[in-house]
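Sequence lines, in order, name chains V and A. Per numbering that gives the first Met the number 0, the first sequence starts with residue 0, numbered consecutively. Per numbering that gives the first Met the number 0, the second sequence starts with residue 0, numbered consecutively.
In short, the hints are calculated from the structure, not lab data. Every residue gets a Cβ at the ideal spot worked out from N, C-alpha and C, and that includes glycine. Where hints are given, some of them may not hold.
[To be verified] Some, not all, of what chain A presents toward chain V, calculated at C-beta under 8 Å: (1) Y200; (2) K210; (3) D425.
Protein chains: 2
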Amino acid sequence: MLNKALEFARQNQERFLNELKDVLTIPSISTDPDHKPDIQRAAEWMAEHLRAIGMDNVQIMPTAGHPVVYGEWLRAGKAAPTVMIYGHYDVQPADPLELWSTPPFEPSVRGENLYARGSADMKGQVLASLKAVESVMRSGGMRVNLKWLIEGEEEIGSEHLDDFIKNHKELLAADFCLNTDAGILSADKPSITTGLRGLAYFELRVYGPSKDLHSGLFGGIVHNPAQALAELIAGMHDKNGKITLPGFYDKVRKINKKEHQDFARLPVNNKLFLQQTGAPALWGEPKFLPAERIGARPTLEINGLLSGFTGPGSKTVLPAWAMAKISCRLVPDQTPEDTIKQMKKYLKEHAPKDIKWELTYLHGAGAALVSSDSPGVQAMSRAMHSVWGQEPYFLREGGSIGVVVQLQKHLGVDSVLTGFALPDCDAHSPNEKLHLPTWYKGIDALIHFFYNLK
Amino acid sequence: MLNKALEFARQNQERFLNELKDVLTIPSISTDPDHKPDIQRAAEWMAEHLRAIGMDNVQIMPTAGHPVVYGEWLRAGKAAPTVMIYGHYDVQPADPLELWSTPPFEPSVRGENLYARGSADMKGQVLASLKAVESVMRSGGMRVNLKWLIEGEEEIGSEHLDDFIKNHKELLAADFCLNTDAGILSADKPSITTGLRGLAYFELRVYGPSKDLHSGLFGGIVHNPAQALAELIAGMHDKNGKITLPGFYDKVRKINKKEHQDFARLPVNNKLFLQQTGAPALWGEPKFLPAERIGARPTLEINGLLSGFTGPGSKTVLPAWAMAKISCRLVPDQTPEDTIKQMKKYLKEHAPKDIKWELTYLHGAGAALVSSDSPGVQAMSRAMHSVWGQEPYFLREGGSIGVVVQLQKHLGVDSVLTGFALPDCDAHSPNEKLHLPTWYKGIDALIHFFYNLK
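Please construct the entire structure, taking both the sequences and the accompanying hints into account.
The structure is reproduced here in structure tokens:
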């Protein structure tokens, strides 16, 4: 029966790819209100697809934000385990558009890759789950119960999912959750993620004069808000790349010897990170390995800057305001609530009196650590061994997945975190791509995974 | 004859205003290539107008950039002085458009003000000169020779005017130049400017990773270019607002006792500057008066910032690059050439190895000091006394007017610097406005000025 399912998947590769291309044409950008109709279309696409592969009780369920798509298959019986399958149908914005080789919502295969916004993050991953379940179902092999939770706000912090999970505890009860939003180490190195960083995302605005001024007539007597913002930002790290927000490291869990050894054993090195980033040199806290700085140390990043005149040429303006998007990646046991307080305290202590500032907290989530000897992780580990011929690596990585924290908090449900997007997939960048050979292997691995669970 | 000219101006106030409104409808934005046809239209408008008031040899003369409008009236004879009348027909960009109460190129009178881009800076000033000359000519009273030099690149640094003046030394020979681009202290305080700051305008780009990265997957191992740019900018001033570029103050001319007394006597104070700027508090080198910081001390301003994601909402991007527009106001005896070297030296000394940077010098000009006992300044001083009933103030102000330096360098021609734009005219901001009672007084003062010269 396993072989029948694998054979079914192999026979249907072209159709699977075409279905993926179809959903990738929908620009379901969750952060942009203009794309609300596309969000709805993407939710409907997912619901129809769940019905098509035989799921029951499929619903598009409202939240205070974008809707959740739910579906279930509970016919394995009460004695069998129940697996929640998580996904998100929303995507990141696609700008800057001019850097895309082909339009972000016109999927295009070049070489071994499929290029489109959402191909890797994570419509491709959702389709891998859908197609693996379809293959197992069509071969009569599904022996576990399934519950699908496909949200539309992952890229904006899963803000309303928290309430949704809290309000549907019974409906969503499960033994564990399969979450394929965490990626894989490389095409030939399967991996399961056992740790995720949290997030606290801010917008900081600095206001100076009441309107843009002529820099000649007034330059020298008012504190330029763009300069004041730069001074505030520059002070947020010390010379060693350590973050200076008061109390920021108080609750940061130390890396123990065993964890340090795990990090040191990972098949990554400075050269690989230089290749992946294209940066002239690596940077960060010198006392920690690069993999530790990504996986187990918090960060503070400037995600955007805007002030004054930014067009071609020159304008001698002294701008009235300046804005920065700033986000912190958090590790256990930091919380977004603490980070908000620390950021405010820093600003109160360091902002000069000759400007005004305004801090908006946009969204966030705590960090998560997942047990590596749970039945779900073990089933995935054996599945990957079957497909890749080697044990997967166990990672703690830098991204933030709000739902992992929320499921643990409200339902006591741990997540099996993996995925089939490569580190160079450009998830939030132009020319996002999905490596198709790894995607097909991923579908096979998921088929094995469901058989391993029975 | 003087009274006849003043009477003519009074009778024609409405027509003068309508002519000004007409030229203000042309969006002659010199920095924006899309507006090249409007630049041409504005030049043609000026040429037609010069012909209409009786000027000879009117020409639109090409430069390597936007054209110069020339016209002359040399019928006063060789014994009479020759006055060059300077103006510019180009304007600043109008963005952010949403902050304008009425569209920038649809002139609108509200209360005592005319609102439009270019109303104050400086189409209104050019029209004041044109209308004063017309009034004197129509009254048979012009006793001096005139040469008009109306350029189209003042707002982008008069880059090609330098060559133009160098190549037309004979055509442009004059005893002095009337330049009304310098403004007035307030509606009831006439002023003549005897010092101007220079300018050096830069664009600084900082490059980090080869493309935008996911801040979760890579945050912590590369130096964020927006952060690196902020660090470089923050380091350009010390805690007292002093600029740290190496050697920046080496050639700054000290303020002597007499000059300090002149500055201290000016009818300005902290309260007025706070009102004019709307800033929460004043800022700058504590050892100098605010008026000195504007008039006799150099500055370094951030005119613009851009990096990463700047739209509404959030995007967890680690940006590939960050950009700042940075300009220095220069005082005697600084030069833009020195400033370029100092900026480069600063960047070489302070930019870390984990980013790359690129500095582009966009344009600039030296500072200028003008003698206050020349016949031109004296004629203007008496004219202002006649109209306002008081001696004008003599100022050293913060703006930069490239042509003043160029005329002195190539032709040995000093400028009489004044104007009828108020400090709160929002010259480079939304809702730029011209105070019409001051404008009409200005036309009268210019009529007096021409009679005083005979």
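Comparing the hints with the structure gives:
With a cut of 8 Å, the hint placing Y200(A) at the interface with chain V holds, because the nearest CB-to-CB distance is about 5 Å. Taking 8 Å as the C-beta cut-off, the interface hint given for K210(A) holds, the closest approach to chain V being about 5 Å. Interface restraint check: D425(A) against chain V, minimum CB-CB distance 7 Å, threshold 8 Å, status holds.
In the structure shown, no violation is registered for any of the earlier numbered hints.
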